[in-house]
Amino acid sequence: MTLVRSGDHVARREALADPVARYERMYEIRRFEERVNDLFAQGLIHGTTHLCAGQEALDVSLALELRATDIVTATYRGHGIALALGMPATDVLAEIMGKADGCTGGVGGSMHLCEPDVGLLPTFAIVGAGLPVAAGAALAFQTRGEDRVAVAVFGDGAANIGAFHEALNLAAVWKLPVVFVCDNNVYAEYSRIDLTTPLTDLHRRAGSYDIPGVPVDGMDVDATRAVLREAVSRARAGEGPTLVEAKTYRFAGHSRADQATYRPEGELERWRERDPLVLARAALVAGGAATEDDLAGLEKAVDEDLDAVAEAVAAGPDPTPAAMFRNIWAVAA
Amino acid sequence: MTLVRSGDHVARREALADPVARYERMYEIRRFEERVNDLFAQGLIHGTTHLCAGQEALDVSLALELRATDIVTATYRGHGIALALGMPATDVLAEIMGKADGCTGGVGGSMHLCEPDVGLLPTFAIVGAGLPVAAGAALAFQTRGEDRVAVAVFGDGAANIGAFHEALNLAAVWKLPVVFVCDNNVYAEYSRIDLTTPLTDLHRRAGSYDIPGVPVDGMDVDATRAVLREAVSRARAGEGPTLVEAKTYRFAGHSRADQATYRPEGELERWRERDPLVLARAALVAGGAATEDDLAGLEKAVDEDLDAVAEAVAAGPDPTPAAMFRNIWAVAA
Amino acid sequence: MARIRVRQAIASALSDAMREDESVLIFGEDIAAAEGPFKTSEGLLAEFGPLRVRDTPISEMGFVGAAVGAAAVGMRPVAEIMFMEFLGVALDQLVTEAAKFRYLSNGRVGVPLVVRASVGSGLGFGTQHSQTLENWLGATPGLKVAVPSDAQTAYGLLRSAIRDPDPVVVLEPRVLYAERGECVTGDAGIVPLGVARVPREGDALTVVALGQTVRAALAAAERIDAGIEVIDLSTVTPWDRETVLASVAKTGRLVTVEEAPASGGWGAEIVATVTTAAFRSLQAPPFRITAPDVPVPYNKALEARFSPGIGEIEHQLTTYLRTGEVPDPWWLREGVAA
Amino acid sequence: MARIRVRQAIASALSDAMREDESVLIFGEDIAAAEGPFKTSEGLLAEFGPLRVRDTPISEMGFVGAAVGAAAVGMRPVAEIMFMEFLGVALDQLVTEAAKFRYLSNGRVGVPLVVRASVGSGLGFGTQHSQTLENWLGATPGLKVAVPSDAQTAYGLLRSAIRDPDPVVVLEPRVLYAERGECVTGDAGIVPLGVARVPREGDALTVVALGQTVRAALAAAERIDAGIEVIDLSTVTPWDRETVLASVAKTGRLVTVEEAPASGGWGAEIVATVTTAAFRSLQAPPFRITAPDVPVPYNKALEARFSPGIGEIEHQLTTYLRTGEVPDPWWLREGVAA
Ligand SMILES: Cc1ncc(C[n+]2csc(CCOP(=O)(O)OP(=O)(O)O)c2C)c(N)n1
Ligand SMILES: Cc1ncc(C[n+]2csc(CCOP(=O)(O)OP(=O)(O)O)c2C)c(N)n1
Ligand SMILES: [Mg+2]
Ligand SMILES: [Mg+2]
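Residue numbers (my numbering), protein chains in the order written: chain A, 39 to 371; chain B, 39 to 371; chain C, 616 to 953; chain D, 616 to 953.
Simulated from the structure, these hints should not be mistaken for laboratory data.
As the structure is a prediction and not an experimental result, all values here were calculated from the model.
There's no promise every hint is true.
Some chain B residues flagged as far from chain A (calculated, every beta-carbon gap over 12 angstroms) [claimed, not checked]:
#  : residue
1  : A79
2  : T107
3  : A138
4  : G200
5  : L233
6  : L237
7  : D248
8  : G278
9  : A298
10 : E349
In silico DSBU-like cross-links for lysine-lysine, where the CA-CA straight-line distance does not exceed 35 angstroms [stated by the list, open to error]:
#  : chain 1 : residue 1 : chain 2 : residue 2
11 : D       : K654      : D       : K915
12 : D       : K915      : C       : K865
13 : C       : K654      : A       : K213
14 : C       : K654      : C       : K865
15 : B       : K338      : C       : K865
16 : D       : K654      : B       : K213
17 : D       : K865      : A       : K338
We put the beta carbon where it would ideally sit given N, CA and C, even for glycine.
Produce the complete structure using the sequences and hints provided.
Structure below.
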């Protein structure tokens, strides 16, 4: 792998057609998050961040099933999706570090990644806010007769907020080309899902809008991919929205300060056995697509690249105060 | 029937134990609304109003199954509920006419009726707003260990708004003593229900919260009463919320200006055959509880009373400008 | 030049915009088949069809959010909010999302949406359907807010709002929908955002009004006839400092006329800014003519008194011109508010 | 007198209120088992149990509405909104419902709820989690809004808010949660609503600050040491006209210090009201020291410049005292905002 810079996004996205490259991307996401965690611990990053370890399979399969012209609304837990969709680690890390070269120029931060070239709208720090927006993008596609699709990715906790309900109903009644992907990682902040809703099989909420609701093992990249493929092609064919519930697990705490002491004993460990990276790696070796050595080499290359990225980003320029005055109105005031 | 004035609310409520009195109340509501309509036509009422003809059976059965200490949140289409719960026609009409003797002193109007003595919170002009409020009243009862129940009454259109979703989930996860009563009268303003949601059997939305969802023929006072009784006693027994969907029909237009020309041909006429008053009247006569003559006499008495009410209210005092400065802060500014 | 109703001017602006630009689509509750609760979309479904003219479920947060998404991918959606209050569940999408997309995308994702909402008192809709609430939007860099005062500005500001690359909220005084006025349509009828109008010139006193208070202020100024300049602010954020400051430089006196309570109203921003910028040219204390700090009452007579009418404005301005001092509003003069 | 953190002062206020009054119950996201995202409810679940201390689903409109209902039937709920922005879907319940119940019930149904929400910039939470947005609430007769500036006011205003018979929103500057300060608890520590504090007296200039700008204003005043009176507004609606007017009557000069952009901020109301009421006693133009009219930036250095800090306040006040003219803010002085 070589350092990818802005402009190569789509190529980076298309590389995922290769199963080995899919594993590589998942590995990159995992390691990227570890680095972000370290940089925080070292005081080199300001504010807060939300790591996505445990949901790499979902992020990568989503990227694989979408076209670069499709649109994604995601959340503050969005580093993995950004990387999966094709954003290079430099752009993402620079933003997280508030650098001038970050994807928003350093005014957004970890919760606000954006790359129109791969269809990523500014990620949403408000729970649920991205669902109606995805429906709206789909409305545009439908109105213009385009075969593009919009996808909203959101958490289990977001399924309890009003925007979820309104967006699904709107999409259902208008048969919009949108897929609602619920990343059910068992927790919303420090609350286990069963503390905040009696219905934990969230795909069943699709019934309220007479649309398909499909659960899937979100730790399994192939299974997830298959379900998303079906949902995306339904949308693209004009058959309306689907609610996909990917059952995943949040390996990290909610945000950087969180040690996740509220987890029942053994829960994390049980889920770790189903780590999407472990599963994907074993499948590649078992299927003969790559040897242990191939993968070890590839992992080393990713590690080295991320070293180089981290070094380059840290040395990059900070924005000047003028940055906060730009991009507020269409025409500079 | 004699003119009932403030203070006799509870007695008026309790009268409903008698099936003939139930019919009488339904008849009163229907005639009351006709008068309101006439007063508007004569330019004697300001603003707008939303008539409830067609939902009298629901209003009266609800009043019958609740205690005066229970709490109801209702909507701008609330004249019937107010009368059913025990508010005398004078208080309601005076408010609609903006009179000083109205239940809010004339500052509220048709959309904002209120009578704490019978558990009616100020009715809600914002669609959906009453559902979380009812859940909150139920939360108070639960916290204090009281066996009181809260009921939210709302329309089919309200089932598409975020507050519906959030309130039902909150009530379900906390097992609150609340009953959600959806008055599915087929229309939200000028839109038939199937134009704004693919799921028209709204009680099925209960499935999203793992609570019971029960449909009922809202034109039949006995059937409605039975379903409400079950839901209210579940709530009172601490078994949590129920979503009741009463299938009714809005005989009038949405609000005063609306001629409802958007209705499919014959629809109104078909529903008219199931007019709750016609059904209830026939049942009384058939069951021998009253003769045609009894009922004709009773209807005449109601008509006369409403004549007297209308006359008295029209002659009543208007509020002075000082009224708009009262009751904003707890202690007068 | 045709005299048309304000609601017709709005429908014309929508249809002209939809003819001019295929990316314009409109949606809201009962705006398609029923042509709008206030008939502001008459004829549009028939002309533009159900893809571009849509009835929505009662889901303000959902469809305002949908406007954000549609705008972010190149449409110019116009969402109708029947009564401004209903934005109470949708401010997130406007203030915290739409207004910030350009900033959060390094200038690459604009959100050219328009939200139209009816506002204000005067028709007996009661306290939950009669507020103006432009304060909900006014502290939001990236979001523009315009308020028409007659048929021409209803047409022209809406056309500008739809062409604008940023999110714009147009707050339409509901009481004006049925009013008639002259209205030039087409490009010549476009009224720019951010520019105040000066429908009446004078050199003794600057009166800044907005929306439904413009005509009352003008009528009061006619009656007094003593060099009163009346400014129709038209765009309340960002507002036209130049025009107002130039006027005050000339008159030395500033009064704002608001239909709603003083607290939290737009008048404070005008008075504060002008005072800071033009302190030495002020010859008398600037002040605000407003409603009292109470919810909008329902009763017809009370509602009529709530918002400052021609008589009240005339009284306050006359007293001010005569004495140079700030007059009491009616509720203090009459000792009504204890 | 103990020096405790602001978040501990808040937890103390909640527990003292819950001990005093059985009708107090609290809820919000992760406030029970996890003791609050900002640890403002430490120990409360353990002491008061799961009926009175509840974790909610992510449903701001739902649980703010539930607070309205619980309050309407006699409880005194305190709902926590983690970040003020999340009220963007719940203003309906506060502004259009809670604030109007007393009015719409002829005085028979009060809504003694409290909503606590964290506000403001300074911790790198980015543009959707750093606004202050008190403007969303300020035009609402019937609704009170208080903003603490240290441990004592955090404790004391919250106690008052909970005892108050009307709905009160307490906006807590998030950046203060970890700060320590002296804090008297119990009845002696209660700080009344609607009364401004005067932590520093002087006769040359009145500075009105709120929330996190109070300490910056005080520190700047210390440095300048030229008769600067600093007022901590404490309650932003309804605000204490008497104290501010008395101060300006003495000093003849008024400056407000806001952490957020000028447009739509609370400072306009103060400047406008004081100008109208005390025009003749003003010896120089009143003005507002604020953030620029931009969204809150994420980058640490940029965020630090966004909100007026001690140095900026000192500079502007010094220039003003020296010249009697309104100083330019840093972005104009430095030519940064093109
Ligand atoms: C409307 C709103 N309420 C609360 C929050 C605070 N918050 C941020 S993340 C989060 C938990 C979300 O959980 P979930 O939807 O399951 O997503 P996850 O974090 O697990 O990816 C909460 C409550 C918010 N950002 N927006
Ligand atoms: C949040 C909100 N959106 C829109 C409206 C305008 N409005 C008033 S009544 C109504 C229709 C409601 O329909 P439904 O819930 O079926 O009740 P019904 O009128 O049939 O009793 C609408 C859209 C409102 N009052 N509140
Ligand atoms: Mg989660
Ligand atoms: Mg209906």
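Hint check results:
no.	hint	result
1	A79	36 angstroms, holds
2	T107	28 angstroms, holds
3	A138	39 angstroms, holds
4	G200	2 angstroms, violated
5	L233	7 angstroms, violated
6	L237	5 angstroms, violated
7	D248	4 angstroms, violated
8	G278	9 angstroms, violated
9	A298	22 angstroms, holds
10	E349	46 angstroms, holds
11	D:K654 with D:K915	24 angstroms, holds
12	D:K915 with C:K865	45 angstroms, violated
13	C:K654 with A:K213	27 angstroms, holds
14	C:K654 with C:K865	42 angstroms, violated
15	B:K338 with C:K865	72 angstroms, violated
16	D:K654 with B:K213	27 angstroms, holds
17	D:K865 with A:K338	72 angstroms, violated
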